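Going down the list, the sequences are from chains F and G. Mapped onto full-length UniProt numbering, the consecutive letters of the first sequence carry residue numbers 1 to 97. Mapped onto full-length UniProt numbering, the consecutive letters of the second sequence carry residue numbers 1 to 97.
Just so you know, these hints were derived from the structure itself, not from any lab. Bear in mind that the values here come from a model prediction, so they are computed numbers and not experimental data. Take the hints with a grain of salt, since some may be wrong.
Here are some of the chain F residues that sit facing chain G, going by a computed Cβ distance under 10 Å [to be verified]:
{"id": "1", "residue": "Ala43"}
{"id": "2", "residue": "His52"}
{"id": "3", "residue": "Tyr54"}
{"id": "4", "residue": "Leu67"}
{"id": "5", "residue": "Arg90"}
{"id": "6", "residue": "Gln94"}
Derived CB-CB ranges, DEER-like [as the list claims (entries may be wrong)]:
{"id": "7", "chain 1": "G", "residue 1": "Thr13", "chain 2": "F", "residue 2": "Glu17", "range": "43 to 51 Å"}
{"id": "8", "chain 1": "G", "residue 1": "Ala88", "chain 2": "F", "residue 2": "Glu17", "range": "29 to 37 Å"}
{"id": "9", "chain 1": "F", "residue 1": "Arg84", "chain 2": "G", "residue 2": "Asp62", "range": "28 to 36 Å"}
{"id": "10", "chain 1": "G", "residue 1": "Ala20", "chain 2": "F", "residue 2": "Lys19", "range": "32 to 40 Å"}
{"id": "11", "chain 1": "F", "residue 1": "Lys19", "chain 2": "G", "residue 2": "Ser89", "range": "18 to 26 Å"}
{"id": "12", "chain 1": "G", "residue 1": "Pro85", "chain 2": "F", "residue 2": "Asp74", "range": "39 to 47 Å"}
{"id": "13", "chain 1": "G", "residue 1": "Ile47", "chain 2": "F", "residue 2": "Thr23", "range": "19 to 27 Å"}
{"id": "14", "chain 1": "G", "residue 1": "Pro30", "chain 2": "F", "residue 2": "Lys19", "range": "30 to 38 Å"}
Beta carbons: idealized from backbone N, C-alpha and C, even for Gly.
Protein chains: 2
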Amino acid sequence: MIRHIVLFTWTETATAEQKAAVTAELRKLPDLIPQLRSYTVGADAGINQGNHEYAVVADFDDTDDYLVYRDHPDHQKVIADYIRPILASRAAVQLSI
Amino acid sequence: MIRHIVLFTWTETATAEQKAAVTAELRKLPDLIPQLRSYTVGADAGINQGNHEYAVVADFDDTDDYLVYRDHPDHQKVIADYIRPILASRAAVQLSI
Chain F
1 MIRHIVLFTW TETATAEQKA AVTAELRKLP DLIPQLRSYT VGADAGINQG NHEYAVVADF
61 DDTDDYLVYR DHPDHQKVIA DYIRPILASR AAVQLSI
Chain G
1 MIRHIVLFTW TETATAEQKA AVTAELRKLP DLIPQLRSYT VGADAGINQG NHEYAVVADF
61 DDTDDYLVYR DHPDHQKVIA DYIRPILASR AAVQLSI
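All chains should be built: construct the whole structure from the sequences, respecting the hints.
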């Protein structure tokens, strides 16, 4: 299994509406990209200081399925239209488990 | 459920032995901290450039259980003795799901 993990921070000018739209748009992807076996997205819970602001955890059967998701036009459109305009920093790892 | 996610990069001087010891020590924690419901740790799979180098994904029933793990002496000892000596940067999020 491949577990894809990405954490974001947002720009200081990002609005609550823009942040909420990221979640709304990402949550459409499991219906569009059947390779997604599990998909957890959302804002940081606010338990600790100094955290990143947003997380995506996506599980796939294998690397090929992850690459379908990574390069899928519907995913790329969410990145281009909703994430990149408010993105300050990004940290990612893919785990083979 | 609380999903705790943390990504690390290591210092340039970190050795393969030091990196492997992080995994070996973290994998002892589920036997020591019963609040851990699911625990996935490991090095980046090398699929993409520019990634962080290591990921931990830990699931808990609730915030209280996560805090037991966060502050547990056995966990803190792994951080102090194995992670912090080779830590270059850290990104974390807790998701409430």
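Right, here's what the structure says about each hint:
{"no.": "1", "hint": "Ala43", "verdict": "8 Å, holds"}
{"no.": "2", "hint": "His52", "verdict": "5 Å, holds"}
{"no.": "3", "hint": "Tyr54", "verdict": "7 Å, holds"}
{"no.": "4", "hint": "Leu67", "verdict": "8 Å, holds"}
{"no.": "5", "hint": "Arg90", "verdict": "9 Å, holds"}
{"no.": "6", "hint": "Gln94", "verdict": "4 Å, holds"}
{"no.": "7", "hint": "G:Thr13 / F:Glu17: 43 to 51 Å", "verdict": "45 Å, holds"}
{"no.": "8", "hint": "G:Ala88 / F:Glu17: 29 to 37 Å", "verdict": "35 Å, holds"}
{"no.": "9", "hint": "F:Arg84 / G:Asp62: 28 to 36 Å", "verdict": "34 Å, holds"}
{"no.": "10", "hint": "G:Ala20 / F:Lys19: 32 to 40 Å", "verdict": "38 Å, holds"}
{"no.": "11", "hint": "F:Lys19 / G:Ser89: 18 to 26 Å", "verdict": "23 Å, holds"}
{"no.": "12", "hint": "G:Pro85 / F:Asp74: 39 to 47 Å", "verdict": "43 Å, holds"}
{"no.": "13", "hint": "G:Ile47 / F:Thr23: 19 to 27 Å", "verdict": "25 Å, holds"}
{"no.": "14", "hint": "G:Pro30 / F:Lys19: 30 to 38 Å", "verdict": "33 Å, holds"}
In summary, this structure violates none of the numbered hints.
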